[in-house]
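Residue numbers (my numbering), protein chains in the order written: chain U, 1 to 376; chain H, 1001 to 1095.
Incorrect hints may appear among the rest.
Stated by the list, open to error - Here are the simulated distance ranges between beta carbons:
#1 H:Asp1023 x U:Asn312: 41 to 49 Å
#2 H:Asp1082 x U:Asp9: 41 to 49 Å
#3 U:Glu163 x H:Lys1008: 46 to 54 Å
#4 U:Pro318 x H:Asp1040: 52 to 60 Å
#5 H:Asp1023 x U:Thr342: 42 to 50 Å
#6 U:Arg256 x H:Lys1085: 42 to 50 Å
#7 H:His1041 x U:Lys31: 44 to 52 Å
#8 U:Asp187 x H:Glu1044: 45 to 53 Å
#9 U:Glu271 x H:Lys1076: 45 to 53 Å
#10 H:Asn1063 x U:Glu271: 39 to 47 Å
#11 U:Asp190 x H:Glu1092: 25 to 33 Å
#12 H:Lys1008 x U:Asp9: 23 to 31 Å
As the list claims (entries may be wrong) - Residues of chain H placed beyond 12 Å of chain U at every Cβ, according to the derived structure:
#13 Glu1011
#14 Ile1012
#15 Thr1015
#16 Gly1026
#17 Arg1029
#18 Asn1032
#19 Val1047
#20 Asp1049
#21 Gly1056
#22 Glu1066
These are computed hints drawn from the structure, not numbers from a lab. Treat the numbers as computed from the prediction; the structure is a model and nothing was measured. Just so it is clear, CB atoms sit at the ideal spot from N, CA and C, and this is done for glycine as well.
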Amino acid sequence: MKYVDEFRDPEQARKWLGKISALAKLAQAGKDRPLHIMEVCGGHTHTIFRYGIKQMLPQEIELVHGPGCPVCVLPMGRVDDCVALAEHPEVILTTFGDAMRVPGSQKSLHQAKAEGADVRMVYSPTDALSIARKHPDKEVVFFALGFETTMPSTALTVLQAEEEGIGNFSLFCNHITIIPTIKAILDSPDLQLDGFLGPGHVSMIIGQHPYSFIAKQYKKPLVISGFEPLDILQSIWMILSQLKEHRHEIENQYGRIVQSEGNHNALSAIEKVFEVREFFEWRGLGSIEHSGVRVREGYARYDAERKFSIPNLKIADPKSCQCGEVLRGTLKPKDCKVFGTTCKPETPLGALMVSTEGACAAYYSYGQIDSNQIIS
Amino acid sequence: MCLGIPGKIIEITSTENKLARVDVAGVKRQINIACIVDDDHPPESCVGDWVLVHVGFAMVRINEEEATRTLELLRKMGEMQDEIKAMQKSEEDNS
């Protein structure tokens, strides 16, 4: 049990695996296919591959990797827009490291930087604001990315800029929201899902209640889960228990971090600065209603999309690239035509190969493990 | 970017702007604590608290046991180094 021994508490891991195995058949009863459980969050995808959890599970359970890697779902056109912003001579473009290598149709931010654009990697949006303080003659644009986990940090940074009267700071806002995304997945006709592992840190912000519709309207269980391998095993067991008992509820395995009402201060900062967009374009998933936010009119001076004219082009993914099917959970990474051949972490064709939270990159790094190595 | 790293608040640097100096796995940097302060937890009462830090913001108060366990796990997985490096670099660039 090589990989199980890597767990913080291998005994506990074996115990949960035993409990999962005991329940799996009962939970799957009446279905002529394995149970499909989707982990929505890229952090979970990473843990699942890193610890070989996928291979430890009984054959009745199949994990489907969801679209929860914000860098991976960014459409090429938005990357192109960001590169165009970075190439303005008066702009310093600031970004999280993850986004540097995401391919646009012509180039990535990394390549734009190599060609002379002023692109700087930052750890926090507050670092971007510091750069704006230091360079009052430049416009500092922050490439704002992520689900609700990172949204409060950009909102609070805008509020700080306003407080200090800093006028040369703005967001290129690509924040996305989890609820419409899950709804779009539930409405997609080619996907049969039996339950969800709910995102841990998004839920820390939004709380437990926004997921209610998944249980009420779609009658699917969702268990908010932590990021440790043991958290994920326990959450899978909780989903199986619900399925076996024909329950569909929103449960919280990650109670040590997630409060049912979420984080009030974070939510009110988001509400103040951002408003819902009618549509937002996703790589592979197309346009999803209400799935993104933009800066409110009242904070227009902090909105790069209002300050600059942005090409706003829609660019289709390369034909050979099947990121969309992988993102929708209908194709496994290894079954993509270019996986591991023309598309590798060093030379990514599709965004799912870029971030360590992307399903393809995780699969490439850890997914080739023979299951016999693990359960022996 | 969704990775949260536990840190310990060592001093409050601005009560008004809700900023604190936080020790995150040995790197001390300025962190915004606006999301974890309220009437029951005014900034000055937060010194010594463990928090989960996301991109420069403390998002939730955690207990010491959870903090230690998470740090140990992140270290073991080799997941933290890049984030800590980025944190350290930005602190040097901006201080």
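Checklist entry - Failing hints, ascending? => result 2, 3, 6, 9, 10, 11, 17, 18, 21 and 22
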